[in-house]
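There are 2 protein chains.
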Amino acid sequence: MRKVAVIGVGMSRFGVRTDANLVELSFEAVKPALEDAGVEPKDIEYVPVGTVGFWYEEPLPAVVIAEYNGLTTKGLVRCEAACASGSSALLTGYTMIASGLADLCLVIGIEKMREIDTRMVMELIGRAGYYMWEFENFGMTFPAYYAMHATAHMAKYGTTEEDLAMVAVKNHKYGALNPYAHFQKAITLDEALSSPMIAWPLKLYDCCPISDGAAAVVLASEDKVKELGVDTPVWIAGVGYSSDTANLSKRVDYVGLRSSVIAARQAYKMAGVGPEDLDVATVHDCFTIAEIMAYEDIGLCKKGEGATLIREGQTEIGGKIPVNLDGGLKAKGHPIGATGVAMAVELVKQLRESAEKGRQAPMKNYIALAHNVGGTGHYCYVTIFRR
Amino acid sequence: MRKVAVIGVGMSRFGVRTDANLVELSFEAVKPALEDAGVEPKDIEYVPVGTVGFWYEEPLPAVVIAEYNGLTTKGLVRCEAACASGSSALLTGYTMIASGLADLCLVIGIEKMREIDTRMVMELIGRAGYYMWEFENFGMTFPAYYAMHATAHMAKYGTTEEDLAMVAVKNHKYGALNPYAHFQKAITLDEALSSPMIAWPLKLYDCCPISDGAAAVVLASEDKVKELGVDTPVWIAGVGYSSDTANLSKRVDYVGLRSSVIAARQAYKMAGVGPEDLDVATVHDCFTIAEIMAYEDIGLCKKGEGATLIREGQTEIGGKIPVNLDGGLKAKGHPIGATGVAMAVELVKQLRESAEKGRQAPMKNYIALAHNVGGTGHYCYVTIFRR
Chain A
1 MRKVAVIGVG MSRFGVRTDA NLVELSFEAV KPALEDAGVE PKDIEYVPVG TVGFWYEEPL
61 PAVVIAEYNG LTTKGLVRCE AACASGSSAL LTGYTMIASG LADLCLVIGI EKMREIDTRM
121 VMELIGRAGY YMWEFENFGM TFPAYYAMHA TAHMAKYGTT EEDLAMVAVK NHKYGALNPY
181 AHFQKAITLD EALSSPMIAW PLKLYDCCPI SDGAAAVVLA SEDKVKELGV DTPVWIAGVG
241 YSSDTANLSK RVDYVGLRSS VIAARQAYKM AGVGPEDLDV ATVHDCFTIA EIMAYEDIGL
301 CKKGEGATLI REGQTEIGGK IPVNLDGGLK AKGHPIGATG VAMAVELVKQ LRESAEKGRQ
361 APMKNYIALA HNVGGTGHYC YVTIFRR
Chain B
1 MRKVAVIGVG MSRFGVRTDA NLVELSFEAV KPALEDAGVE PKDIEYVPVG TVGFWYEEPL
61 PAVVIAEYNG LTTKGLVRCE AACASGSSAL LTGYTMIASG LADLCLVIGI EKMREIDTRM
121 VMELIGRAGY YMWEFENFGM TFPAYYAMHA TAHMAKYGTT EEDLAMVAVK NHKYGALNPY
181 AHFQKAITLD EALSSPMIAW PLKLYDCCPI SDGAAAVVLA SEDKVKELGV DTPVWIAGVG
241 YSSDTANLSK RVDYVGLRSS VIAARQAYKM AGVGPEDLDV ATVHDCFTIA EIMAYEDIGL
301 CKKGEGATLI REGQTEIGGK IPVNLDGGLK AKGHPIGATG VAMAVELVKQ LRESAEKGRQ
361 APMKNYIALA HNVGGTGHYC YVTIFRR
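If you read the protein sequences in the order shown, they are chains A and B. For the first sequence, position 142 matches number 142 in this note's numbering, and the numbering has no gaps at all. For the second sequence, position 367 matches number 367 in this note's numbering, and the numbering has no gaps at all.
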């Protein structure tokens with residue numbers, strides 16, 4: 001299998017981006033990514049675009065995005081894996097190069113979710129459960145699904161509302177230092193705990209926002225890395241992918257996500273590393289409970305000990321394994337198709353030791369992991385990067 | 001690059017399939033494909049699903065399709081490249097195996113377009129042009145776009161309404177012999193020419209129908225082909241992909257599709273063959289003029305000579321290069337996400353010399369080509385198969 005490196009990264013500011021349309025938003029990510037890689041649109045061979053795209057009227061987003069960025073005539077595909085769409089696009093670009101079909105791919109992740117009313121977004125996302133049963137009959141929406149996970153975790157392992165709030169406090173602390181984050185402000189534990197109830201035990205600050213945003217990475221073969229004389233290529237060392245039933249009534253338990261466990265195991269095996277080798281990670285904290293479950297599912301601690309990690313500060317800088325130093329979905333924002341690609345952008349910055357002041361993880365092995373979930377574990381993609 | 005073979009194929013009957021829901025329809029393709037390959041769902045590693053999915057309420061089709069077919073926990077992604085979505089899924093499965101990441105992939109193409117009113121389908125497809133300009137301002141729909149191509153081709157090369165009608169007559173002739181086709185009846189030239197006008201010069205019989213349908217293929221690595229003792233693997237010898245502007249006012253001309261030319265050239269180069277080596281082909285005849293342009297764009301004849309091929313019967317059995325012996329999009333039907341995968345199903349049957357009576361191409365080199373367009377050349381994927 002040919003080696004594949006990330007050689008350029010870029011992202012737009014995440015947030016309420018009614019100031020830019022879909023293609024303008026993509027340009028904010030693509031331009032810096034190409035410049036960072038030192039390549040031009042004409043050099044690119046294939047462009048996987050991760051986006052779900054419920055929210056806007058444009059039916060072929062990949063086509064208009066490619067056109068606006070000077071990529072017309074290049075191979076194109078739109079990849080959808082719900083909130084893991086960005087990572088599925090990254091995998092598609094990866095295999096295009098690993099197989100030998102291409103030497104340079106541009107992977108774009110993008111979503112513009114603030115085009116429509118928040119209640120409509122909630123309904124559309126809610127449908128991602130088992131539509132005909134859970135959504136239509138019980139009116140389940142995403143905060144409700146994750147609230148079920150939270151109550152199960154609290155009942156079985158004694159996780160508390162304070163533990164959940166501490167995840168929000170940590171991620172807002174780092175989001176405040178990230179100029180691309182949707183929320184660039186720190187919050188206190190009191191603020192988190194006293195924020196409006198959404199679906200018990202999840203409060204407003206336990207939920208990620210609905211965001212617009214774009215991210216892009218340039219992937220290159222080893223030959224191309226040499227040809228371009230890239231200084232600090234960041235190699236994709238391992239990938240993993242799994243899925244699970246859309247019918248949550250069929251899940252075995254609610255204290256974790258089976259697809260995360262399977263995808264992480266695959267990625268570690270391929271990379272030949274374990275959780276203890278990681279210097280930094282991004283995990284899919286669409287809700288605070290999701291970050292705690294992710295700690296356990298990807299092996300940063302034993303099952304049931306996720307809350308201990310956050311209580312002890314082990315996932316902050318200075319702790320055992322810093323997590324979501326970009327603010328995570330919680331504070332950086334979650335434009336769903338962009339998220340997986342934005343995780344790659346963040347980890348490349350971390351591995352290059354070029355993250356903004358106050359949010360750079362100390363590097364020992366120069367190994368990082370991205371964990372990206374679609375739905376409530378309907379999809380999971382895990383990617384391990386190594387400098 | 002590792003070699004990749006198609007080792008199993010299956011498809012549902014195409015047509016108005018209100019008798020089956022989305023997942024049931026997928027099962028009609030997946031079950032025979034797995035049986036043909038002699039593998040079980042548990043053996044599959046990754047499942048790319050080609051579907052556009054405007055038409056139904058299920059937001060994560062890949063997840064529910066995987067679940068219904070016993071593929072939960074497998075890697076999943078939905079691939080969209082408009083009417084070439086099936087081919088983009090095929091390429092994704094191909095690179096997963098060619099790269100060495102997987103040994104067995106199941107590629108599914110599916111669309112259920114008869115869920116909603118025909119006028120709504122026309123509007124949704126019409127938006128695939130440049131939405132904000134051509135669709136909103138001029139009310140362009142797909143027959144109108146292809147009518148522009150037809151008039152340009154008629155003006156420049158003297159192609160006639162009779163030539164277009166002859167494509168319909170040929171494809172209906174073969175569709176009548178295909179038990180999976182939407183329209184299993186032959187038509188006369190008179191019937192085609194006297195059918196209701198849709199967008200001059202395109203009449204009802206110049207247009208493919210709006211169909212429901214599913215198709216599936218199992219892809220395997222060379223190691224897996226040996227391990228399973230597959231009798232007649234059909235190898236993917238070449239792939240090509242390109243895109244073009246969504247803004248038709250920016251196209252250089254209307255007598256062909258640039259993306260078809262580029263994608264075909266790539267695929268021939270990779271396979272080390274030329275158009276003269278093909279025994280059979282499927283081309284994207286969403287409208288009759290599209291088949292004539294495809295003849296030229298993929299090099300079956302010189303530019304401007306497409307009409308001569310159909311007039312002389314060169315694309316029928318007994319001619320130089322038989323095309324669309326399954327009935328094509330015109331008669332077999334065009335459930336858009338399924339089409340690219342259904343082309344693979346058809347060509348594998350042809351290369352195995354197992355097509356139904358009266359529609360088997362004579363084999364000399366055992367090489368076949370599939371040409372699949374998205375939009376009006378917004379996307380193009382070409383795949384070359386070799387037994």
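Simulated from the structure, these hints should not be mistaken for laboratory data. Each hint should be verified, as a subset may be incorrect.
Copies of the same chain look alike in the list, so a pair counts if it works inside one copy or between any two.
[To be verified] Simulated pairs of lysine-lysine, BS3-like, Cα-Cα distance not exceeding 27 Å:
no. : residue 1 : residue 2
1   : Lys226    : Lys173
2   : Lys42     : Lys250
3   : Lys357    : Lys250
4   : Lys226    : Lys250
5   : Lys173    : Lys269
6   : Lys364    : Lys31
7   : Lys357    : Lys156
8   : Lys42     : Lys269
9   : Lys173    : Lys42
10  : Lys250    : Lys31
11  : Lys42     : Lys185
12  : Lys364    : Lys320
- Which numbered hints does this structure break? Violated hints (numbers, rising): 1, 3, 4, 5, 6, 7, 9, 11; every other hint is consistent with the structure.
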